[in-house]
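S.K.: Sequence:
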Amino acid sequence: MDQDTLTVLQKLTHSDDFLKATALPIDEEHFIQSEQAKKEWEESNKSRGLGKFFLIILLACTVIRLLMFNPKPLFDMVPISIYLAAVVAMILVYVGILFVGLVFGFKVRKAARVKALKKHFEEQDLIFLDNLDHFSVTVIRKTKDDIQQAKEGNAESLFSLSESLLNGKILKTNYKVAIAIASVAAELGNSRAALTVAKAFNKERHSDFNDKDDIDNYLDFKEDQNNYILWLQKAASLGSYEATSKLQTLGKEGSNSVGECSAASVIKNALGPIV
Numbered sequence: 005m006d007q008d009t010l011t012v013l014q015k016l017t018h019s020d021d022f023l024k025a026t027a028l029p030i031d032e033e034h035f036i037q038s039e040q041a042k043k044e045w046e047e048s049n050k051s052r053g054l055g056k057f058f059l060i061i062l063l064a065c066t067v068i069r070l071l072m073f074n075p076k077p078l079f080d081m082v083p084i085s086i087y088l089a090a091v092v093a094m095i096l097v098y099v100g101i102l103f104v105g106l107v108f109g110f111k112v113r114k115a116a117r118v119k120a121l122k123k124h125f126e127e128q129d130l131i132f133l134d135n136l137d138h139f140s141v142t143v144i145r146k147t148k149d150d151i152q153q154a155k156e157g158n159a160e161s162l163f164s165l166s167e168s169l170l171n172g173k174i175l176k177t178n179y180k181v182a183i184a185i186a187s188v189a190a191e192l193g194n195s196r197a198a199l200t201v202a203k204a205f206n207k208e209r210h211s212d213f214n215d216k217d218d219i220d221n222y223l224d225f226k227e228d229q230n231n232y233i234l235w236l237q238k239a240a241s242l243g244s245y246e247a248t249s250k251l252q253t254l255g256k257e258g259s260n261s262v263g264e265c266s267a268a269s270v271i272k273n274a275l276g277p278i279v
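Quick note on numbering: the sequence shown equals residues 5 to 279 in the working numbering.
Please note that a few of the clues may not be correct.
Simulated crosslink set (EDC-like; lysine to aspartate or glutamate; CA at most 20 Å straight-line) [as the list claims (entries may be wrong)]:
| hint | residue 1 | residue 2 |
| --- | --- | --- |
| 1 | K173 | E39 |
| 2 | K114 | D149 |
| 3 | K176 | D20 |
| 4 | K148 | E167 |
| 5 | K122 | D137 |
To be clear, the hints were calculated from the coordinates, so they are not data collected in a lab.
Only a predicted model underlies this, so the values are computations on that prediction, with no experimental measurement involved.
Generate the whole structure from the sequences, applying the supplied hints.
M.R.: As C-alpha cells, this is what we get:
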C-alpha cells in the first residue's frame, strides 16, 4: 500500500461518517439475550395475532357473500359464451377478494406480533431489532473482524464491509460510506469493489431503503458517465469480466476517459472534504 492510499484509508476510517456507519446495533452478549427471549416469547405466544387474522378472513368472506349472485337467470338471456365469461369473472373476483384477505391478514398478524414482541423486549430492557433473524454470533464476529481488518487495509474486508452497508442486513444501509469504502478497496486491487464504484456513478447500486436518510444518501450521489467509464476501466484492468463486458457493450474498451480515478476523489464526492 502506497503512502497516499494509506493516508486516505486512515482519514476515512477515523471519520465520524465511517465510525457511525460501522457501529453494530447489538453485541454478542445482548444478541444471545435477545435471541433467547424471542424464542421463549414465540413459544408461549403462538396464537398471538390469530384473532385479527381470522377477523379479516371473515370480513373477506362477508364481502364475497354480499357480492354473490345466482347466474342461472342469465343462461336464457345471453349467449352461452357471455354466460360462461360472467361465471368465470365472478369466480375470479371471489378468489381475488379471498387472496387479498389472506395476504392482508398475514401482514396484520405479523405486525401485531412484532408490536407485542417489541413491547415485551422494552419491558425486559432488551435490545429489539426488526432484523434479528439476520444476526448470529458468527455473523457479529465476522462483521467486527471485517471492520478491524478494513481499518488495517485488507481489500477483501473493505469490500465485504461495503457490501454490508449496501444490503443493510447487519449494518444500517449507508450508501455514501459504502461507496467510499469500496473506492479504497479498489485502490488496493479489489476488482469487485471497483465495479461497485462504477455502478454507483451509473445509479445501478441501490437497496430497499427504509427511511428518508437512506433515500437522500442514494439520490445525492450524482450520476456521472465519465466516472462510470473510468471506474469500469479500472475494474476491467483489475480482472473484472463484468466490467470488460460492459465496456465492450458501450464501445469503450481500450478508450481513454479524462478524469481522476482515485479513492480520494470518490470520497470527496460522497462524503465531502475529509481526505
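S.K.: Work down the list of hints and note, for each, if the structure agrees.
M.R.: How the hints compare with the structure:
no.: 1; hint: K173 / E39; in the structure: 16 Å, holds
no.: 2; hint: K114 / D149; in the structure: 34 Å, violated
no.: 3; hint: K176 / D20; in the structure: 15 Å, holds
no.: 4; hint: K148 / E167; in the structure: 14 Å, holds
no.: 5; hint: K122 / D137; in the structure: 14 Å, holds
Violated hint: 2 only; the structure is consistent with all others.
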